[in-house]
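Participant: With the hints as your guide, set chain Y onto chain E.
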Amino acid sequence: SQKIEQNSEALNIQEGKTATLTCNYTNYSPAYLQWYRQDPGRGPVFLLLIRENEKEKRKERLKVTFDTTLKQSLFHITASQPADSATYLCALNSNYQLIWGAGTKLIIKP
Amino acid sequence: IAGITQAPTSQILAAGRRMTLRCTQDMRHNAMYWYRQDLGLGLRLIHYSNTAGTTGKGEVPDGYSVSRANTDDFPLTLASAVPSQTSVYFCASSYEGSDTQYFGPGTRLTVL
Numbered sequence: 060s061q062k063i064e065q066n067s068e069a070l071n072i073q074e075g076k077t078a079t080l081t082c083n084y085t086n087y088s089p090a091y092l093q094w095y096r097q098d099p100g101r102g103p104v105f106l107l108l109i110r111e112n113e114k115e116k117r118k119e120r121l122k123v124t125f126d127t128t129l130k131q132s133l134f135h136i137t138a139s140q141p142a143d144s145a146t147y148l149c150a151l152n153s154n155y156q157l158i159w160g161a162g163t164k165l166i167i168k169p
Numbered sequence: 005i006a007g008i009t010q011a012p013t014s015q016i017l018a019a020g021r022r023m024t025l026r027c028t029q030d031m032r033h034n035a036m037y038w039y040r041q042d043l044g045l046g047l048r049l050i051h052y053s054n055t056a057g058t059t060g061k062g063e064v065p066d067g068y069s070v071s072r073a074n075t076d077d078f079p080l081t082l083a084s085a086v087p088s089q090t091s092v093y094f095c096a097s098s099y100e101g102s103d104t105q106y107f108g109p110g111t112r113l114t115v116l
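The listed protein sequences correspond, in order, to chains E and Y. Counting from 1 along the first sequence, just add 59 to a position and that's the residue number in our numbering. Counting from 1 along the second sequence, just add 4 to a position and that's the residue number in our numbering.
The set of hints was computed from the structure by calculation and includes no laboratory data. C-beta atoms are modelled at their ideal positions from N, C-alpha and C, and glycine is treated no differently. Misleading hints may appear alongside valid ones.
Said to hold, decoys possible - Far from chain E by the CB rule (all over 12 Å, computed), these chain Y residues: (1) Ala18; (2) Arg21; (3) Met23; (4) Arg26; (5) Thr28; (6) Gln41.
What the hints assert, rightly or not - List of simulated lysine to aspartate or glutamate pairs, EDC-like, C-alpha gap at most 16 Å: (7) Lys130/E with Glu113/E; (8) Lys62/E with Glu100/Y; (9) Lys130/E with Glu115/E; (10) Lys164/E with Asp42/Y; (11) Lys122/E with Asp143/E; (12) Lys164/E with Glu68/E.
What the hints assert, rightly or not - Computed spacing ranges between beta-carbons, pair by pair: (13) Asn71/E with Thr55/Y: 17 to 25 Å; (14) Glu113/E with Gly44/Y: 25 to 33 Å; (15) Ala69/E with Glu63/Y: 24 to 32 Å; (16) Lys76/E with Ser69/Y: 45 to 53 Å.
Excised from the complex, chain E in its bound form (with noise of 0.2 Å):
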């Protein structure tokens, strides 16, 4: 069956380090995976999008990477902040639709 998951446990990370995040998916071939942000109460926002063909992507603080081979993706927030706490979601392109991940729930404390 087809799959994309997410670590379905909060994260918490201590500020100033770097945030990890896993998005690993099964019998899909996309063309690309982006990931998004969402705060309690509100509705995703797009942060990244990377291609089949990129093996990186960044942002500021954020860096995306896409292992077509290992079928995953990581999401990694540097020097992270109080502010960065949110749900992190990854989705994949399938016929001309995108599937979702569950989310991760990051938590950075002070």
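Facilitator: Same frame as chain E, now just chain Y:
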């Protein structure tokens, strides 16, 4: 209007009642989507529309209907609400299918 709006913000509904959730975007996006988000399950696509005048079924369409009379509006109707439709509903839009999506603030619906 800036971006994508949804109404109402929240609603408590008796089972069996009919309900329409409204969604409007001002970005002239071709594609629009309705998702439901339940704890631990992530976003699940209910219906979508790639362009005005066309609609399609997503992963969980049963009990829901949509229409796309124009580019801006994409209402979602529950013909006869059931408790399993209790959820948070998000409307989203994008220039094209599977492009970066822009989300509304959501509607929290409780069916009793």
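Participant: Against this structure, judge whether each hint is valid.
Facilitator: Here is how each hint holds up against the structure:
1. Listed as outside the interface, Ala18/Y is consistent with that label: its C-beta sits roughly 24 Å from the nearest C-beta of chain E, beyond the 12 Å cut-off.
2. For Arg21/Y, the condition that its CB be more than 12 Å from all CB atoms of chain E holds, with the nearest at approximately 25 Å.
3. The claim that Met23/Y lies off the interface holds: its Cβ sits roughly 20 Å from the closest Cβ of chain E, which is beyond the 12 Å cut-off.
4. Residue-level check passed: Arg26/Y sits 15 Å from the nearest beta carbon of chain E, beyond 12 Å.
5. Non-interface status of Thr28/Y relative to chain E is upheld: no Cβ of that chain comes within 12 Å, the nearest being about 14 Å off.
6. Chain E draws Gln41/Y into its interface by the beta-carbon criterion, the shortest separation being 9 Å against a cut-off of 12 Å.
7. Taking the CA atoms of Lys130/E and Glu113/E, the gap is near 13 Å; set against the 16 Å cutoff, the hint holds.
8. A threshold of 16 Å between alpha carbons decides the hint, and for Lys62/E with Glu100/Y the separation of about 23 Å lies outside it, so the pair is violated.
9. Distance hint between Lys130/E and Glu115/E is fulfilled; the C-alpha atoms sit about 14 Å from each other, no more than 16 Å.
10. For a cut-off of 16 Å, the pair hint linking Lys164/E to Asp42/Y stands: about 15 Å separates their Cα positions.
11. This hinted pair checks out: Lys122/E and Asp143/E have alpha carbons roughly 14 Å apart, not beyond 16 Å.
12. Our distance criterion of 16 Å between C-alpha atoms is met by Lys164/E and Glu68/E, whose separation comes to about 7 Å.
13. Between Asn71/E and Thr55/Y the C-beta distance comes to about 44 Å, which lies outside the given range of 17 to 25 Å.
14. The supplied range of 25 to 33 Å is met by Glu113/E and Gly44/Y, whose beta-carbon atoms lie about 30 Å from each other.
15. A C-beta distance of roughly 26 Å is found between Ala69/E and Glu63/Y, which places it inside the suggested range of 24 to 32 Å.
16. In this structure the hint that Lys76/E and Ser69/Y lie 45 to 53 Å apart at CB holds, the actual value being about 48 Å.
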